[in-house]
Amino acid sequence: MIGGLFIYNHKGEVLISRVYRDDIGRNAVDAFRVNVIHARQQVRSPVTNIARTSFFHVKRSNIWLAAVTKQNVNAAMVFEFLYKMCDVMTAYFGKISEENIKNNFVLIYELLDEILDFGYPQNSETGALKTFITQTGIKSQSKEEQSQITSQVTGQIGWRREGIKYRRNELFLDVLESVNLLMSPQGQVLSAHVSGRVVMKSYLSGMPECKFGMNDKIVIDKQGKGGEGATGQSIAIDDCTFHQCVRLSKFDAERSISFIPPDGECELMRYRTTKDIILPFRVIPLVREVGRTKLEVKVVIKSNFKPSLLAQKIEVRIPTPLNTSGVQVICMKGKAKYKASENAIVWKIKRMAGMKESQISAEIELLPTNDKKKWARPPISMNFEVPFAPSGLKVRYLKVFEPKLNYSDHDVIKWVRYIGRSGIYETRC
Amino acid sequence: MEWANQLCENRQFGSKMTDSKYFTTTKKGEIFELKAELNSDKKEKKKEAVKKVIASMTVGKDVSALFPDVVNCMQTDNLELKKLVYLYLMNYAKSQPDMAIMAVNTFVKDCEDANPLIRALAVRTMGCIRVDKITEYLCEPLRKCLKDEDPYVRKTAAVCVAKLHDINAQLVEDQGFLDTLKDLISDSNPMVVANAVAALSEIAESHPNSNLLDLNPQSINKLLTALNECTEWGQIFILDCLANYTPRDDRESQSICERVTPRLSHANSAVVLSAVKVLMKFMEMLPKDLDYYSTLLKKLAPPLVTLLSAEPELQYVALRNINLIVQKRPEILKHEMKVFFVKYNDPIYVKLEKLDIMIRLASQANIAQVLAELKEYATEVDVDFVRKAVRAIGRCAIKVEQSAERCVSTLLDLIQTKVNYVVQEAIVVIKDIFRKYPNKYESVIATLCENLDSLDEPEARAAMIWIVGEYAERIDNADELLESFLEGFHDESTQVQLQLLTAIVKLFLKKPTETQELVQQVLSLATQDSDNPDLRDRGYIYWRLLSTDPVAAKEVVLAEKPLISEETDLIEPTLLEELICHIGTLASVYHKPPSAFVEGSRGVMHKRLPARTGSGESTESPDVGTAAGGSAPEAAPSIIPSQGDLLGDLLNLDMAPPTTSGPPPPTTGMQMGGMDLLGGGLDSLLGGDIGGSPAMGAGFGAAPAVMPASLNAPVGGGLGDLFDLGGVGMPMGAYIPPKIVWLPAMKAKGLEISGTFARRAGVIQMELILTNKAMSVMTDFAIQFNRNSFGLAPAGPLQVLTPLGPNQTIEVSLPLSTVGPVMKMDPLNNLQVAVKNNIDVFYFSCQYPISMLFVEDGKMERQVFLATWKDIPNDNESQFQIKDCHLNSDAASSKLQGSNIFTIAKRTVEGQDMLYMSIKLSNGIWVLAELRVQAGNSNYTISLKCRAPEVSQCVFQCYEAVLKN
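For the protein sequence lines, the chains are P and L, in the order given.
Counting from 1, one number per residue, gives the positions in the first sequence under the working numbering.
Counting from 1, one number per residue, gives the positions in the second sequence under the working numbering.
Hint data in this document are derived by calculation from the structure and do not stem from the laboratory.
Predicted model only: the values in this text are computed from it and were never measured.
For each residue, glycine too, the CB sits at the ideal point set by N, CA and C.
Mixed in with the good hints there might be a few duds.
[Stated by the list, open to error] Example chain P residues on the side facing chain L (calculated, C-beta under 10 Å, incomplete):
id, residue
1, L15
2, V73
3, N123
4, I149
5, R168
6, L171
7, F172
8, I220
9, E289
10, V290
11, K306
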C-alpha cells in the first residue's frame, strides 16, 4: 500500500510530508526531488522506480503530489487516490497552489490522517468529510450527531447525510459533451468520439430515490417491442461509468439508472459514443507552399447544425512554421491574429449560426533556413461551444421519490441543459 | 527554508494571517521560544506553538527536543490540537521510546472515550507508533475496539491489526487478533468488511503458506455482497482479494464473473481494472464454447477503451495493462485499433505505449489506416517516438505480408527526409524486411547505399554492412563500401566489427578474385589485433574454413537463413500469465514480476492462472481443452503406454545417427531403415530394461540415442502396435507418466511438443515428441532449462539432426543431469523449458514426477532408518491418504521398488501391514515413509518424514501415480 505522500512546490521543496509505512525513510523525499523534479528532461513516465522505491506523481499547476511505496501496490488505485486528494483539497480551499497549501497545512494533515490509514484509502467523499473535518475547529457534537457522522462515513450511503431539508426542491441536469475529431486533409474522418458527462446539481430534501432515463438505444429497443417509445432517435452508447451512488448491479441487469444522489453537485455519469455523431463543424484546409519562403493557407469552416441554433466561442488555430517572419490574414468573419509566441494564427468568431460557412486566407512568409528537416505540419485545431449534444443524447426523465417526506415528483423543479464543446477537434493539413 | 523566507515577503502584501505564518520561524533560539509557548497556560497559544512545531517537522527540521512539552499538550478536549500532537508523536516516538511511554495513558483513556471519532483516532495513532513498549499496551484497547459498537471504530481497528502485525507478527498471532479479524469479514458494515479484507490480504502476503484468507464459496459470497455496498476503495480491496481465489469449477467461476461484471461501469478506473483482473483470471476456467464466454469477451472491450479517456497518468497504467491483455487475448480489442491512435497532445509516455499496442493490433484488415498513422508520427518532434514509429512500420511489413510493399515505399520516403535518426532506424528495419521477404525488395539497395555516410549508430552501421555483404553480388562497389568501414575497424563497436568480418567473408566467397586482399586484411585485424575473444574466434573459424575447404565455407557462410518471426517483443508466456494475475498493480506497469522490485518476503509468491481442466497439470495449455470439447477432464491428447513407448523407440531406431558433414536432406524413415539397428537398439534395450547396471546406464547417457520417428512410416506404426500387446509380459520397470502436450502448436507457431520423463538405468530422460504442424520446415532445434528445484539440466544437446518437415513427428529422448543451477520452484517439481528452432524461441513449463530423482542406492540400513526416523522432528511428518488402491502390500512393495522406493521392513499389526520405506533423492535428501495397508480396505495411509518437508507433497503424488498405474 501507499507508504508515504509528499507534496512539493515547483522548486522541489517539501510542503507536506506524511509517511505511513516504516519502509519509507526521509531520504525518499530527496530521491524524488533529485531524480524527478530536478531532472532536466521531460517526464518520461508518471511512475518512477528509484532504488526499489516506486514514486507515483501527478502535477497540478506547479505543485507536485507524489505517492511512494516499496510494495506491489495497485497502481491505478494510487493515481485515482491522488486525483481524489486533489479534488478534496480543491473542495476545501480552492485552487491547489503553494500559498493555499501552506495556509491549510494543518487541515491537509488532518485530511491525510482521515482518508489514508496505513496507506489504505478510506472514505474520501467531501460531503461526508466536511461534516467532521472543518477548518473552524471541532464543534461540540451531541452523541446522536457523532454516531450519525460515523455511520455516514462507513455506511452504505457514505455520500449523503440524513436530515437534509430544502424549502424548494430543485435539481439541475447538465449534459456536457466534448466532441473529438481527427480528420484527414481530404475530409475523411479518421476517428471521432464523444465523451460526455451528466452532471447533476440537486437540492432535494431527505433521502430521495432517483431514476434517470435517456434515449439509450438498448432501453428504447426493449420498450419498442411493447409498441410505444420508438419516437425520436435513440443513441448507441459504447460504454458508460457511474458515480458510486448509482446501483451498478441494477444497471447491469435492467439497464436502469437508479440512485440516491449526494447533496449538491455530482458527476452522475460519464459515457462515450462513436456512432452517428453530429460533427458541428467541418474544417477544410488548403496549404500551398510557394517556393521556399512562402506558404499560402486557406481554411474554410462550415457549421453543420440547425440554422436556429448558435455556436459560440469559436476559435480556429492554424499552426505556422517556426521560421515564420510575417503573416497577412484576411477573414470574412470574426478576428484573426498571428501569435508568434504560439506559432499559430488564431481566428476567433464570437457567434455563428448553423448551416453557414466562413473562410480565412493567409499568406505566411518564411525566413530561408538551411534546416533540412521539413516542417511537421501540426493539425489545425478548433474550439467551440454549441447548445446541443453532438452525440444526440436526450434526457427522457429524472424521477424523484422520497417515501418519507411529503413531496412528490411533480413538486420538484427540474432544469436540463445541453452543452457540446470541442474536445480535441483536429484536422490534418 | 528558502520558500519560507520568500513567503515572509509575500506576507507583507497579504494582510490575512493564515497558517502559512508557521513556516516562517527560522530564527535562532526558536526551540527555546517554542518550549515556552508550549507550556503556556493559554490554549490558543499552545495550539499555535504545536502548529509551528509541525511546520518545522514537515520541512525536515529536527524538533524532537520538544518531545515532553508536546506530549504534555495531548491531554486536551480540543480535537484539532490532539490530532496535531498525535502527528508529532507518530514522527518522533521511535527516536524517543522512553518518553513516548508517557503518552500511553492518554491513548488508553481515549480508547474509552464516549466519542467514537476519538476512540478511532486513538487506536489509529497508537498503531502507527512503532515502539515495543507501547505495542504491549495497545493490545487490550485494540481488542475492545475490534468489537466496538461503532462501525467507524471497527473499521479503524481492522487496519490497526495490520499495523501491529507489521511491528510484531508474533504478538498478533498470540493475541488471537487474526481470528477476530477473520470474523470481521462477516461484519454487517461494508466498510469494516473491506478494511478487514485489506488487512488480511496484507498479512497473508507475508505468510505465503498460511491459510489466513480462507476463501471458500461462503466467504466469497459475503465478499461479493459487500462489493455492492462499500466505497470505491473498499471495492478495490475486495476485488484484489477475489483475484487470489481459485473457483472449484467453471460454474462457480461463471457465477462470480456475473457478479463482478457490473463493476466495469464504475467511474473509478482502479475498480474497473481490478474487475478486469478477476474476469481475465476466472475466464481461463470457462469453456470456450460457452455462450457466456463470448458475452464476457464482448463486455471487456468498452470499459478498457473508456480507460483511455481518463487522466494521462491513469491512461498510462491502463495502456501498460492493455498491452498485456492484448497479448493474452488479442480477440478482445482487435476491432478497437482507432482508439489507440496517438493524439498530438498526449504526453510522450502515453504516445509510446499506444504505439506499442497499435503494432500488436495491426492486421490485414486495418493495416492501411495504421500505416497512414505511422507515417504521420514519423514526422513528429520527439526522437524516441519517431524512432519507434519508424521501427513500427518495419514491424508491420513483417507482420502483414500484404502491406510489405507499401511499408517499404513509406520507409524509402522517410529515408529521403535525410533526418539522421530516421534514416538509421529505417535501415535497421529494412534489413529485417530483406530477411523476411528474400529477393523481393533488393531494388532499394542503391538508395540505402547513398546514406552510408550519415550512419553513426552501431546498430544502423551493422545493419547496413549486413545488407552490403548479403547482396554483394548486386552492388558493384561492395568492396569499396566495406573497405571504407575497415579503416576505422578498431573504433567500431563489437556488433559492427563482427558484422563487418562476416560481410567481407561473404563478399570474398561471392567475388573471390577481386577481394582476396580485403579478406586477408579483415582476418588479420580480427585475429591478431583484436582482444575481443568473440571476434577472434569468429575470425579464426572463417580463416580455417577458407583455407581448408572453401566449398564447405560457402555452405556455411552463405547458407540459407532461417526466416524471422512475425511477432517481436512478446512477453514470455509464464511471465505473461503471472502479470495477468497482477493487472492494475505496479507489476503490470513495470511488466516485471513483483519479486523483481519488492524487497523481502512480500510478493515472492508467484501467481498463476487457473487451469481450465482443474488439474494441476499443463497450466500452459488451456487451449487443449477446446479440442476435447471444453471441460473434458484431464485432456492428455497423446497417451502412449509406457511399455509400448519403449518398444516403439526400438522399432524407430533405424533413423540416421549423427553422420558426416552438413545436415542431411529431409527424408522419410523407411529409406534409411536398418542402418544402425544394432548400435542404438541394443543400448536402448539394455538401458531400459535391465535396471541397476550402472556401466550400461552411463554408456547410454553419454551417447544418447537419437530416435526420430516418422509418421509417414505406416509399417513402423503397425509394428509398434503389435509390440504394444506384447508389452504386458515385460518386467516391472519404473513408472513413467503418459505423455501429455506441453506446448500446443498454436502457441509455438506450429511446433507441438508433448512428452514425459523417465528414469532408465539411473539416467533421467526427458522424452519428447516434436510435431511440426506448420507449413514450413523446422531446423536448428535446441533446448534449455530454467534453473529449477533439483538442478535438472540437459546432459547433452537436443539431437534433432534431420529437418522436421510439415506434418512430421520426431521422438527424441534427452538425457538429463542434476548438476545444473538450483532455484526453488513453485510447485517444487516445476520445470521451465525453452525450445528454440529456426523460427523462434518458445517457452513452456511442465512438471516432472519427483520419482525421476529417486536414486538406485536409496535403500537405507534398518538401524539407520530407525535412528533417522526418530531424529526427524514430528513437525516434519505429513500424512496422506491413497484411495482406491487394490494391491496387496507385497505387490505394492515390488511396484514401488521399480521406482527406487525401497521397502526396508514390514510389520503386521492387527491385520494391518506396515511397510517402512526409504527414498533418496538425487540431491541427497532422504525421505522416510510408513505405508499402512489394511486387508480389505482400498485406502492406504502414508506418513512421510523428511528433513525438507516441502518435498513430501511431491513424493506423495509419486506414490499415488506409481501405485495406481
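Structure-based check of each hint:
| no. | hint | in the structure |
| --- | --- | --- |
| 1 | L15 | 7 Å, holds |
| 2 | V73 | 6 Å, holds |
| 3 | N123 | 5 Å, holds |
| 4 | I149 | 7 Å, holds |
| 5 | R168 | 29 Å, violated |
| 6 | L171 | 20 Å, violated |
| 7 | F172 | 20 Å, violated |
| 8 | I220 | 19 Å, violated |
| 9 | E289 | 15 Å, violated |
| 10 | V290 | 21 Å, violated |
| 11 | K306 | 28 Å, violated |
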